[in-house]
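In order, the protein sequence lines correspond to chains R and Z.
In terms of my numbering, the first sequence has 302 at position 53, counting the first letter as 1, and numbering is strictly consecutive.
In terms of my numbering, the second sequence has 360 at position 355, counting the first letter as 1, and numbering is strictly consecutive.
Just so you know, these hints were derived from the structure itself, not from any lab.
Just to be clear, a hint being listed does not mean it is correct.
[As the list claims (entries may be wrong)] Away from chain R, derived, C-beta distances all over 12 Å, residues of chain Z:
#, residue
1, A138
2, R160
3, R194
[Unchecked claim] According to the in silico footprint, chain Z covers these stretches of chain R (three or more CB under 8 Å from chain Z):
#, segment
4, 291 to 304
5, 311 to 320
6, 414 to 428
[To be verified] Lysine to aspartate or glutamate pairs mimicking EDC-like chemistry, simulated, CA-CA at most 20 Å apart:
#, chain 1, residue 1, chain 2, residue 2
7, Z, K252, Z, D201
8, R, K470, Z, E291
9, Z, K87, Z, E73
10, Z, K87, R, D268
11, R, K321, Z, D157
12, R, K436, R, D447
13, R, K321, Z, D158
14, R, K436, R, D406
15, R, K470, R, D447
16, R, K436, R, D456
17, R, K321, Z, D229
18, Z, K87, Z, D157
19, R, K470, Z, D229
20, Z, K87, Z, D229
Even for Gly, the Cβ is constructed at its ideal location relative to N, Cα and C.
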Amino acid sequence: MPPAPAAEEFDLATVAIRDLNAALHAVPHGTNRRHFRVTNPRGAHSIAVGLTEPVQVDVMGPTGYYCAGMNKNATIEIHGHAGPGVAENIMSGVVRVRGNASQYAAASGRGGLVIIEGDAATRCGISMKGVDIVVGGSVGAMSAFLAQRGTLVVLGDAGENLGDSLYEARIFVRGKVASLGGDCVAKEMRANHLAKLDRLLKAAGFDADPGSFTRYGSARKLYHFHADQADHY
Amino acid sequence: MEEKPTAGPVLRESATFPPRVVAEVHRAADEGVYEIRGFGAKRRLPTFDDLVLLGASISRYPLEGYRERCDTDVTIGTRFAKRPVHLKIPVTIAGMSYGSLGTRAKGALGQAATMLGTSTTTGDGGMTDEERAASKTLVYQVLPSRYGMSPDDLRRADAIEVVVGQGAKPGGGGMLLGQKVSERVAAMRDLPVGVDQRSASRHPDWTGPDDLQIKIEELREVTDWQKPVYVKVGATRVKYDVMLAVKAGADAVVVDGMQGGTAATQDVFIENVGIPTLPAVRLAVEALQELDMHRKVQLIVSGGIRSGADVAKALALGADAVSIGVAALLALGCNRAEHVADYRALGTAPGYCHHCHTGRCPVGVATTDPALEQRLDVDVAARRVRNFVSTMVLETTTLARACGKSHVRNLEPEDLAALTVEAAAMARVPLAGTDWIPGWGKSG
């Protein structure tokens, strides 16, 4: 069996973001050019955004805003901390952050898996629409705000107003929750939830007991306007 | 024997609590929630009707009305986009969502825009295949809710519009009541069927103009810098918003005045937030001029545009194009005197209906109910919109020729006078018969 081709390297000390993304967008469907390394990212914005092919991209350092934004099919690994909006609106594929993630991680994500090995700041999973997010550390305030679909797993603690105005997304937290947002309540952990959580933890590479988590979801009291719920609006 | 009429009691209406206000107090007391409705502001506001055009005579030379050319084309997105949008006319169709409107209405708007050589726009809920197929030039909105947001749709759009605000509700989010959240709408928006859908008022992944700049760069990177990026704001602090949008890298700015329509918003919001379109145009133009970006960043104005006269006046004040929403829906068939019993069932009548929020649109425009949607004949409705907008354009060129202009973009503030002190101050053109601009001293 021939050895896998070496990773193609883009050194952002000399290559512009435009050229990097143009090259990644130009990868032909079904190619054996499958592995790319981005060096010297130095907090640049919009690294590897809008990818569509199932390639592996390793970003060797910290990123700025929107790294891996709107990803489809690609596996993108950030070997450092990620700036705001990492993997925003992800459609599919996998994004892994080896460090911490700034605010809005995986905002409005519609599919795929986002793994943050460290902590995630405020509004992690805001407006999420189907993405699965696994955070090895803790998440900041207003995480899963307006979350519609998908799953947020937090191995550490959660900040204030977790899951405010939640729709049908599921949240699993192993540690403490500072406070729950409007319409977010603790719910019974049933067998199907334990199985789903177990699958996600394994996919993310975390060794943790699903039974040690608490599940949170929507009380569904704000789904329709009602005078008696006016204090929550 | 005929009964003689007797004088009834003299009823004295309260100026503070007229019957309309009394009824609203009673309604709120019964229901405990604000009124939600569609359409736009119903109160009297300063409008383009308060301006007149100064046709040519001895000091200006008119063009022959039916013989000499008056061109109407406009190009949007010349600042950064590799593929700017070229339109045959300066009238575009504003963003209206699938969900607030049905598939057939969206399709008819797309067909009409294609026949006219102009663009139409998606809305809060994503792009449908039918709308894309019907529309030669389609602007894709990126909204705070991000319902249905897809990079594939970004790539298949002709332009991108980042919606920061809307004239009917600047600072507020959209609303789609449960009765309109059908299975297809729910699937597109990743929501349960039948829930009241409350859109966010802030984007989930950026805050402030510096972030917006980075967001626009990301959208350009995803689409390889092909598409023009518009930024749409509801008219409030227009000067600052336009300047910040330009600083953030917009190719075009859309300014939507408070007469702009909505499918469902709180009445208190529609009637009390924002400024009218008339002063908004002038403020936006001044902002662009101050940055030396007028005509470099295109200005699209919307909010209560109804006629060629409105178009001509907006262009004369410095807009590059206008956008129509409610007027386009009326042309489709909204508020037509058909299925009158269904209007009555909603407690309204043709000409007065603002019940887009209910999903029970009697003419099949603002609904996703399959049976009601069938009432809209797509081809007939598209032709009506084409006819209406063509009439607007004819009116615009008629007025432009009368002012001696061979292209509608050559209309200028000097071609205008105001009929009211308020309009003179807001549009910054002289009061008719004077050289006085309130707050500005003498013109020129």
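Hints and how they fare:
1. Chain R leaves A138/Z outside its interface by the beta-carbon criterion, the shortest separation being 22 Å against a cut-off of 12 Å.
2. A beta-carbon of chain R is positioned within 12 Å of the beta-carbon of R160/Z; the least distance is around 8 Å.
3. Not every CB of chain R is more than 12 Å from the CB of R194/Z (nearest about 8 Å), against its label as outside the interface.
4. Remark: the segment 291 to 304 of chain R is confirmed as covered by chain Z, as 5 of its residues place a Cβ nearer than 8 Å to a Cβ of that chain, reaching the required three.
5. Chain Z is given as covering the segment 311 to 320 of chain R, and this holds because 5 residues of the stretch bring a CB closer than 8 Å to a CB of that chain, at least three being needed.
6. Coverage of the segment 414 to 428 of chain R by chain Z holds [criterion: at least 3 residues with CB-CB distance below 8 Å; count 3].
7. Only pairs whose Cα atoms come within 20 Å are accepted, and K252/Z paired with D201/Z is rejected, the gap being roughly 36 Å.
8. Between K470/R and E291/Z the CA atoms are separated by roughly 47 Å; this puts the pair beyond 20 Å, and the hint is violated.
9. At most 20 Å may separate the alpha-carbon atoms for a hinted pair to count; K87/Z and E73/Z exceed this at roughly 33 Å.
10. Between K87/Z and D268/R the alpha-carbon distance is near 15 Å, which keeps this suggested pair within the 20 Å criterion.
11. With a C-alpha separation of about 10 Å, the suggested pairing of K321/R with D157/Z holds against the 20 Å cut-off.
12. Straight-line distance between C-alpha atoms of K436/R and D447/R comes to about 17 Å, which keeps the hinted pair within the 20 Å bound.
13. Our distance criterion of 20 Å between C-alpha atoms is met by K321/R and D158/Z, whose separation comes to about 13 Å.
14. Pair hint K436/R plus D406/R holds up; C-alpha atoms about 17 Å apart against a cutoff of 20 Å.
15. Using a Cα cut-off of 20 Å, the hinted pair K470/R and D447/R is violated, with the two alpha carbons roughly 29 Å apart.
16. Restraint check for K436/R and D456/R: not satisfied, since their Cα atoms lie roughly 23 Å apart, outside the 20 Å limit.
17. Restraint check for K321/R and D229/Z: satisfied, since their Cα atoms lie roughly 16 Å apart, inside the 20 Å limit.
18. Restraint check for K87/Z and D157/Z: the C-alpha separation of about 18 Å stays at or below 20 Å, so the hint holds.
19. Straight-line distance between C-alpha atoms of K470/R and D229/Z comes to about 43 Å, which puts the hinted pair past the 20 Å bound.
20. Restraint check for K87/Z and D229/Z: satisfied, since their Cα atoms lie roughly 9 Å apart, inside the 20 Å limit.
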